[in-house]
Amino acid sequence: MSESPHITGWGVASSLGVGRDRFCAALLRGDSGIGAVRRFDTSPFTSHVGAMVPGYESDDRDPALLSHEFGMLALHDALAHARLELEDLRSMRVALTLGTSLFGHQTTACLAHDLANELGVSGPAITVSTACTSSTQAIGFGADLIREGFTDVVLAGGIDVLTPPLFAGFHALGVLSERPCTPFGRQMGTTLGEGAGFVVIERGGLRDAVTRARLRGYGLAGDAYHETSPEPRGRGVAAAIRGALDDAGASEAEIGYFNAHGTGTVANDTAEWCAVQSVFGSDLGGSLPLSSSKGHLGHAQSAAGVLEVITTLECMGAGLAPTTAGFEQARPGGPPRPIGSKQPKPLVYELALSSNSAFGGSNCALVFGKAERATPSSRERRRVFVSGATALCAGVSSIEELASIYAAESPPSEAELQIDLAAELPRVDLRGIDRASELLTTVVSRALADAGVRLKGKARARTGLIAGVLRASPDSLYRFHTSLERRGLAKPDTTAFAQVLPSAAQGACAKALNIRGPQSTVTIGEGSGLLAAVMSAWMLARRRDSDQMIAAAVDVRSEHSAEGALADAACGLLLCTELAAIEVAGVGLAGPEQLDEAIAEARRSWGSSHPVELIVERSNAFGGMPATSSSFALAHALGALRRGEAKSALVASSGTTASVAMILTSTGVTHAN
Amino acid sequence: MPTDLSDYVSSRAAVLDRVRRMLREAMKLRIEPESIDPDVPLFGTGLGMDSVDAVELVVQLDAVFGLTLAGSPWVSAKLRTVNTVVDAIMELRGEP
Amino acid sequence: MSLEDEYRSIRHGAALSRMDHVGLVRVSGEDATEAVDAICSGDLWVRDGRMIQTLILDEQGQPVADVYVCPDDDACILMFEGITTDELSASLAQYADPELEIELEDLRPAYALISVNGPYAWEALSKWLTPDVIGLPYLSFYHFDRGTCFRAGKTGEYGYDLAIRSDYVEHAWEELLELVGALGGGEASLETLDLCALENGFFCVRHASAAGLTPLELQLQWRVSARKRFPGAASIEERRAKGMDRRLTHFVAREGVKTGDLIRDADGPVGQVTAAAFSPGIGGVAGMALLDLSLAHPGIDAFFVPTANAVRPIRTLSSPLLFNRSLLVDPHRHTYGTRDETNDPPLWLGSLP
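Order-wise, the sequence lines are chains A, B and C.
Per the numbering used here, the first sequence runs over residues 1 to 673.
Per the numbering used here, the second sequence runs over residues 1 to 96.
Per the numbering used here, the third sequence runs over residues 1 to 353.
Don't read these hints as lab results, they were simulated from the structure.
Because the structure is a prediction, the values reported are computed rather than measured.
For each residue, glycine too, the CB sits at the ideal point set by N, CA and C.
The reader is advised that the hints may include incorrect statements.
Claimed, not checked - Derived coverage of chain B by chain C (criterion: at least 3 residues anywhere in the stretch with Cβ under 8 Å from a Cβ of chain C; other residues may be distant): (1) 22-36; (2) 43-54; (3) 58-69.
So that you can see chain A by itself, here it is in the shape it has in the complex (with noise of 0.2 Å):
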């Protein structure tokens, strides 16, 4: 399928109002949502500025209730536009892809599930949480889960809240501004913000809706060089601004308008005009429209990517580019004449381009607008195989011990899982690294040994990675959200704060290995090891930004939390486009109740009459593994078909929101190892 999915309406709860309307009439008169903050006492920190969601100023409840109630009003704004009611929900094939970094103890599943469940959404609901890349994400993802004929709707967007931890992190780190941000503008810092956004996205000709946008395509790439500060020459961003480009079939000429993700901070406004220049060249670049939506919205994290192609939708349609609040003055290093008027400007663009940057190296750029492409993509999709696998917990450290406790049903020891990476890894600064990161770097590189790969040149920058996580870690939640009772706001353990995001493994990993392609972190509850490799597999096959993608799922035993799981477990496995001994036959993506459906797209995708040799599902010795037991089931699979003891295989299973189901075949080569 290959064209773009149609953008038929969105939804907005943000600090420019609740509701289009409101938003829309804040947006062309030129006001800013940023104000006093009022919900928490904000006298430890020097800054006292934040975007707010009006209505919800001084509401302090539980940032899980607000998450899900910005959600819902966003949600419903959203349907309200594109013509949808609740019952056609029922009736179509509907998923939901959220982006969402809860600053819980939750699971980030949950909300994603509360919200499906309330609208009666049935499909899958894919959680993604990479910080201020999320809901870019979550709609380039979309795109794919109807590209790729999952489902016929997306409800794609994100949720945050701004709460005091989050604000005495960003504080500690010194980026926030004093007064509210001006990027591309002479005070350095940014202000924090929050809401939820939505787009309907969806497939072309199913019924009588307006289109008002295509979503052509999106990119990701990952700096792999520090956990919060961007690589400074933009590199990360511009090859996410390449690949999105890529995805569109369109070329730097036709963007017309550019939503950069301008926080305002040093390290970003600087590193992103570099990309900017490098992708566009100094001419283009240097006459590109372009502005930061953050001046009014604030930077509204996990929301940010939708609020911003939500700015941008708003006024492509009529006529006019996102201006840049605040902006009087341009600061050195920064874009020269970035759009700085008080309103609005009047401009007629077919085509924009929005991107946004996150704590861990991600980015992430979308490219979408009124014109189609003016070819239908004639790429033929790649045959993804698995190259190399590896799985660890307690017991386990190859696929022949999981192997044995499959055929044993036993658990696996209750021994503490011990490694020693430093030895693996003896040319790696694994200093301050996390027991997540620690395990997931283990599986990493491990499954690339087994495949016998070595990341060199320009291979790293075509390696991806996709984690399929539950949650933060637990450790570093802890230990961040003690440090604030013990010292106070004003002095946060700033680098608990740093792995406090569930990217964080996934971020360090990439570091720590140098992986600079696709990268993500997905969940969907239980399931979302095997997620992370249907993701990965079909991005291979459509895709042409990477040649690998390692599809890994990391579970770290929570002492502090009752949620959650049980054991450290840890698994990889690499997906490749060269051929290999096991190849990825077919894949399914359905909703939580849906497994047969998943199962059938699975058989379906395969085309072969055949019916499947072994059926491997999730063990219930590896029950205290949520994240990673779907990934074992497939490390399994994986490895019974190297044994030759079957030619097919089905791992499937029902997650927390989604199920999830993949085919392995033999090919008949033999494995290099």
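Since chain A is already given, all that's left is putting chains B and C on it; use the hints.
Using the frame of chain A, we list chains B and C on its own:
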């Protein structure tokens, strides 16, 4: 050696030891405190601390030694090496 | 230019220097990093495009080379002082596993090395290269059409080492000399660079003062791995087990103190001067001394150097000895032409004994 020199030197050695231990823990170094050179640069090279580590260091210096540097104009000049940190602490205590 | 003028260029503006004493090689091949790792004393925790400073030691654990290791895709560029390229090659042959697949390419004479140092060195570079060189972090490098720009330096000011194609280097020299001239500077000799290195606590492998000393005494343990095997590792372990008894410490004096002088306190000998030079910035002698471990601390006034004419008191200090002007310069906001030093703290904050 004269008593005042002897006092100074043992005082200094004690503070040096405590600063080394604090840095070892903060930077998760797997070496003996004695292996941390007193004149080792903290940032950029040497121990290779970064901006995130700097924030934590300032907090620890306050918590452990009562040394408040936040807001003081030339923090970067005071925290260049382990010895300069010891200097700042000794100064706070009124040692020459 | 006189030493004072050269010194002022480096400390207040920008200066240009020839670096003919520095070697430059590229080690490439499947196992390049592993081979380099085998001969260097430090953990090479360094990424592509970055630089790490390390040492090559002899079997006695004494530094013979001061090396920057610069991973460049899968090759490794080495910028080094103290040994010749042949000696480096011999070291690789002797200590790296002979099965390793590597190729050693001497980048000289195809390239020449020149260096720009000073609080406004970046300003000269931003005009000679492109403005985004300002964003290049310390200890990073990148390639441009006619060479490679390494941001390093051993003076404590902004420093850029440029490896430039030999057919172009004289032209580059003239252009840079002009740019540096506009910043109140000119050419600076190795002697002045070494003085600045001494003041800022940068190790100089070329000075004989380092003879007989290991990284323990030299305060270079940070460049020595605690866990890997490398030439000299056994000697270091032995020395550690025995316990070190002396350590290098910085000092200042008014005058009349030179390399080799013995240092005493009221009770007897305490050490020896290993390096000393007159510093215009301090207005006195800046130096380093090897002192008995128990006394090797900054802030001591009790030591002196007895000379024929007089007793020269010395004062031990922490390095860097100076409040480098580069700490006060922000390339995003300042320029040499608009500098305003009226509220700046002085370069030398201490006092002479």
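Hints, one by one, checked against the model:
no.: 1; hint: 22-36; in the structure: holds (count 4)
no.: 2; hint: 43-54; in the structure: holds (count 5)
no.: 3; hint: 58-69; in the structure: violated (count 0)
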